[in-house]
Amino acid sequence: MKIDDILFSRRTRQNHALEHATFTIMGNMDPSLSASARSNSDGFIIFGDVDLGLLRRALDEALERLKAGEAELAIHPNCGTNLAVGVSMVTIGTLLGMASSNNRTRVASATASSVAGWMAARPLGEYVQKHFTTLPDLAGVRVTNIARRKLFGFTFIEVRTIQE
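Okay, so the sequence shown: first residue is 10 according to my numbering, each after it adds one.
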């Protein structure tokens, strides 16, 4: 077992890759798409009212393209991983800057460190996606069910997958 499988299960990482590829493809098909999603070991949940026909076409294409080796589809610029890494980097930068013993340079150090953290956030977030939170190897993965649900006026869609 590898360290990245301990942090995030193989199935969750595969579903996260499929989620990203599906959203990339849906976004190209419908640039006005407004939805978000969260992956788990059983598939992923889309928060938003997405056309099921569009979703099915995008899922099929995403599976096909990831299985054909288009691993870059597993990395998405709007992933929550990028946000989490960004917030962490800015926080660490600010804390390091505030640790300065010189009161005159503390604010400047904190600002410079925060900006450096912000600038490193996206490339580092994409690195974390590539190596820890997604897995584009979808051999044997297939979609078993797509179901639209409504709860308290909110629409969400469950996409279920299995690995054979």
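Worth flagging that the hints you see were computed from the coordinates, not collected in a lab. Glycine residues also receive a C-beta, built at the ideal position from the N, C-alpha and C atoms. Hints may contain errors.
As the list claims (entries may be wrong) - Have a look at the derived ranges for each label pair, beta carbon to beta carbon:
hint, residue 1, residue 2, range
1, Gly78, Ser109, 46 to 52 angstroms
2, Arg151, Ser97, 22 to 28 angstroms
3, Leu104, Thr153, 43 to 49 angstroms
How the hints compare with the structure:
| no. | hint | verdict |
| --- | --- | --- |
| 1 | Gly78 to Ser109: 46 to 52 angstroms | holds (48 angstroms) |
| 2 | Arg151 to Ser97: 22 to 28 angstroms | violated (35 angstroms) |
| 3 | Leu104 to Thr153: 43 to 49 angstroms | holds (45 angstroms) |
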